[in-house]
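Q: Chain by chain, the residues:
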Amino acid sequence: MSETIQKMTNEERVALVQKQHRRITYRNTILSISGILLFFIIWEALAIFEIVDPKKISDVLQIFKLFILKFTDPNPDGAVLLVHIWSSLEVALLGFLLAVVIGVPLGWLMGWYRGFDSFVRPLFEIIRPIPPVSWIPLTIVWMGIGLQAKAFIVFFAAFVPCLINSYTGIRQTKEVLKNVGKTFGASNFTIFRKVGIPSSLTMSFAGIKVAIGNAWATLVAAEMLAASSGLGYMILMGRSYGRVDLVILGIVVIGALGVLITALINRLEKVVLGWKEL
Amino acid sequence: MIKKDKTVNMSAAEIHEYRMNMLYKVLPIFSVLLLIALWLLASSGVSDFPSPAEVWERTVRLFTNPIKKLNLFSHVLVSLKRIGIALAFDWTFGIAFGVLIGWSPRAKAFFGPLFNAFRAVPPLAWIPLITLWFGIGEFPKILIVIFGSLASIVVNVQAGLSTVEKMYLDVGTVFNASPAQRLFKIAIPASLDAIFAGVRTSTSAAWMVVLAAEMLGANAGVGFLISRGMDSIDMPLVLTGMIAIGIVGAILAIITQFAERLICPWTRKRK
Amino acid sequence: MDEKKKVILKLTHICQSYVIKDTVKDAVENVSFDVYDNEFLVLLGPGHCGKTVIMNMIAGLEKPVGGKIHLNGEEIKGSDSRIGMVFQSLNLMPWRTVMGNVEFGLEVAGISKEERHATAQKYIDLVGLTGFEKSYPHELSGGMKQRVGIARAYTNNPEILMMDEPFGQLDAQTRYAMEEEVLRIWEKEKRTIIFVTNNIEEAVFLADRIILLSNCPANVKEVYDLSDLPRPRNTTSPEFLRIRAEISDNTDLAL
Chain A
1 MSETIQKMTN
11 EERVALVQKQ
21 HRRITYRNTI
31 LSISGILLFF
41 IIWEALAIFE
51 IVDPKKISDV
61 LQIFKLFILK
71 FTDPNPDGAV
81 LLVHIWSSLE
91 VALLGFLLAV
101 VIGVPLGWLM
111 GWYRGFDSFV
121 RPLFEIIRPI
131 PPVSWIPLTI
141 VWMGIGLQAK
151 AFIVFFAAFV
161 PCLINSYTGI
171 RQTKEVLKNV
181 GKTFGASNFT
191 IFRKVGIPSS
201 LTMSFAGIKV
211 AIGNAWATLV
221 AAEMLAASSG
231 LGYMILMGRS
241 YGRVDLVILG
251 IVVIGALGVL
261 ITALINRLEK
271 VVLGWKEL
Chain B
1001 MIKKDKTVNM
1011 SAAEIHEYRM
1021 NMLYKVLPIF
1031 SVLLLIALWL
1041 LASSGVSDFP
1051 SPAEVWERTV
1061 RLFTNPIKKL
1071 NLFSHVLVSL
1081 KRIGIALAFD
1091 WTFGIAFGVL
1101 IGWSPRAKAF
1111 FGPLFNAFRA
1121 VPPLAWIPLI
1131 TLWFGIGEFP
1141 KILIVIFGSL
1151 ASIVVNVQAG
1161 LSTVEKMYLD
1171 VGTVFNASPA
1181 QRLFKIAIPA
1191 SLDAIFAGVR
1201 TSTSAAWMVV
1211 LAAEMLGANA
1221 GVGFLISRGM
1231 DSIDMPLVLT
1241 GMIAIGIVGA
1251 ILAIITQFAE
1261 RLICPWTRKR
1271 K
Chain C
2001 MDEKKKVILK
2011 LTHICQSYVI
2021 KDTVKDAVEN
2031 VSFDVYDNEF
2041 LVLLGPGHCG
2051 KTVIMNMIAG
2061 LEKPVGGKIH
2071 LNGEEIKGSD
2081 SRIGMVFQSL
2091 NLMPWRTVMG
2101 NVEFGLEVAG
2111 ISKEERHATA
2121 QKYIDLVGLT
2131 GFEKSYPHEL
2141 SGGMKQRVGI
2151 ARAYTNNPEI
2161 LMMDEPFGQL
2171 DAQTRYAMEE
2181 EVLRIWEKEK
2191 RTIIFVTNNI
2201 EEAVFLADRI
2211 ILLSNCPANV
2221 KEVYDLSDLP
2231 RPRNTTSPEF
2241 LRIRAEISDN
2251 TDLAL
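Protein chains in written order, with the numbering used here: chain A, 1 to 278; chain B, 1001 to 1271; chain C, 2001 to 2255.
Hints are not guaranteed to be accurate.
Derived DEER-like restraints, expressed as beta-carbon distance ranges [stated by the list, open to error]: (1) 1054(B) to 148(A): 21 to 29 Å; (2) 1106(B) to 273(A): 52 to 60 Å; (3) 1262(B) to 62(A): 46 to 54 Å; (4) 1105(B) to 65(A): 32 to 40 Å.
Distance condition first, Cα-Cα at most 35 Å in a straight line; then the derived DSBU-like pairs of lysine-lysine [stated by the list, open to error]: (5) 19(A) to 1166(B); (6) 2077(C) to 19(A); (7) 1166(B) to 2221(C); (8) 19(A) to 1108(B); (9) 19(A) to 2063(C); (10) 2134(C) to 1185(B); (11) 1185(B) to 19(A); (12) 1081(B) to 174(A); (13) 1166(B) to 2025(C).
By construction, these hints were calculated from the structure, which means they are not laboratory data.
Treat the numbers as computed from the prediction; the structure is a model and nothing was measured.
Think of the CB as a built atom: it goes at the ideal place given N, C-alpha and C, for glycine as much as any other residue.
Using the sequences provided together with the hints, build the complete structure.
A: Take a look at the structure:
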């Protein structure tokens, strides 16, 4: 084997390695596709052969048909698909953006200035263990059922990871880098701005990613408990009317949107953090 | 007796630091007081917002007048029991599955896309489907908790196993270890810190999901207490529930952190 | 006059290169040398020039692209228990105690618990770590950790012990101490040692022979025979300094 390799030219060796890589990618793609295919086949079989009670499952085609239908048909939940989607997105984005805008800078300040930390920390530690979902009843009493209430709950869910991660991120700023700033006579605030914040960006972004996941998940809960539109509400209605296809459609749409948003944020991260070898 | 001034022998810079340290010690107390003041203010203003006194009184009443024959501790225990069963399943199945897709690229290719698709769906979105299938008993609730917390442990275990230091595995190769030995004697122990991170996150995730599941249909449990409070406009009950949830959640976090430090004394930060 | 010494390891025309994206990077180019039984051989060369790659190939962690390696006459295929390795750093398993780490090789080979313990204990004593059997790596100093690595490599009773810049991460004082330690251990339990370093003084202090490697891609520049230099080596004697200067002049600077 080593003799044959030795006799190859450089171009031939490169070609050989690339061929090996392609083979592995090919194998993996086949495996992935077969996994997905197997899943759908089992699903279809369960539905078509009525192995599972047809009231409890719909076959894939039905879901797809409903998907198309839902763009124009407001039954039975009272609104068209896009209205639900927009309603959910609206709340999610509002709560999420508020959380980022407040939570991330607050985390930076807390991580850098002891005064901030001493003051805010106890409040934060008291609020933190209480899961966002359990705020829902209180929020309903306070603000009723509506955009504000939902956004507040979503804000809550997204706020915690934003804060924690930006706090940890800025606390991990390398002492060396801070000292470089000091030797150039920079003020504490300047070092905070030009050294601390940039070096915390990776962790802060990780926090934002967790936050959007939390926000999306909490939104669904909020919509189920206190809403009249939105994807969570749609699923709930599907359940009430015994429409399994509506329920499954809702789940699929929620999941797909979640993936889309995360992909967008990953893109944004690559742009902002391009200088890092990720 | 004249009290000795501690600052007499300090330089200007030291005095400044001394005073700042004093300030830092005082601030937390100040902020907690502020919070309590806000609470009192809120309860006197908004009609339904309960005062601290009312909440305390309600908590005590929960013990003398139990709801559905259970006092506060029992409700907490019901919720804990549910997550206990769910986590037991999570950890056995989740760790095994995580090891599988973390160690074998083939398994990762086969199961990966499906797993990620399921992971993208928020746990609570499954509730209507699961209740449609299995009704409102104990089993569907536990299933919901499993759906909500399994992903955390699988993801962490997988990350741990796919980033084992190559040098540890090289040691195995040099000593002629078989692939199975490399997996069980090197890769898995090396990933213990990631596995524990998974244990921690899945525990907190389970706690959150069980509450939501209980709020949407249960006869016992802390989440049930809160939704009962909401339904009967019994605000002190709601707050009692929330505080109990917070305390138990915090205790769980402390226990899992403690367990990690006990079992993995060598934990190093993983990049 | 040297009597004919037995050749235990023979490298013939060894080449290694890697394909990175769409170019081929040569790491080792046509390296050939012999290793004699029970000698202390040092591979010396500038940093990142392929020394570790040669070590990896002998240990079986990589396959050479060209050339052959013979151990006692037969060709090596993959890792061989007759060749032990002491790694540079970070290779002790942090979840095992000192005893657990040292007996790892025996455990993998399926040796019974009592036998493992006895053998491991013997080598823990040899490297001077008696009493630390139950300590964890994170409790040990750098020098102690390397000693654990040496003990572990000895347990398989290898014919050849390879050491890949084992003292590179230690501070100067600990390094001097460990160099003397290694020689003491070697005298006590004689094996063939192949030692890799980029430190000329260390090489002249330790070696029977030095193989000087060039910069990337590595090939053999020169072989120095130091068997005339008496042991223990005196680092300030004129002969020591002369050889050191000669090697220093001949060494390529690292890129």
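Q: Each of the hints needs a verdict: does it hold here or not?
A: Status of the hints after comparison with the structure:
At about 25 Å, the beta-carbon gap between residue 1054(B) and residue 148(A) stays in the expected band of 21 to 29 Å. Distance hint check: the CB atoms of residue 1106(B) and residue 273(A) are about 32 Å apart, inconsistent with the given range 52 to 60 Å. Between residue 1262(B) and residue 62(A) the C-beta distance comes to about 52 Å, which sits within the given range of 46 to 54 Å. Hint check: residue 1105(B) to residue 65(A), Cβ distance near 37 Å, so the stated range 32 to 40 Å holds.
The hinted pair formed by residue 19(A) and residue 1166(B) meets the criterion: a straight-line CA distance of about 25 Å does not exceed 35 Å. Of the pairs offered as hints, the one joining residue 2077(C) and residue 19(A) holds, with about 25 Å between alpha carbons and a cut-off of 35 Å not exceeded. About 31 Å separates the Cα atoms of residue 1166(B) and residue 2221(C), which keeps this hinted pair within 35 Å; it holds. The hinted pair formed by residue 19(A) and residue 1108(B) meets the criterion: a straight-line CA distance of about 21 Å does not exceed 35 Å.
Distance check on the hinted pair: residue 19(A) and residue 2063(C) sit about 19 Å apart at the alpha-carbon level, within 35 Å; holds. A distance of roughly 18 Å separates the Cα atoms of residue 2134(C) and residue 1185(B); the hinted pair therefore holds under the 35 Å criterion. For the proposed pair residue 1185(B) and residue 19(A), the alpha carbon gap of about 34 Å is at most 35 Å, so the pair holds. This hinted pair does not check out: residue 1081(B) and residue 174(A) have alpha carbons roughly 44 Å apart, beyond 35 Å.
The hinted pair formed by residue 1166(B) and residue 2025(C) meets the criterion: a straight-line CA distance of about 22 Å does not exceed 35 Å.
Checked against the numbered hints given earlier, the structure breaks hints 2, 12 and satisfies all the rest.
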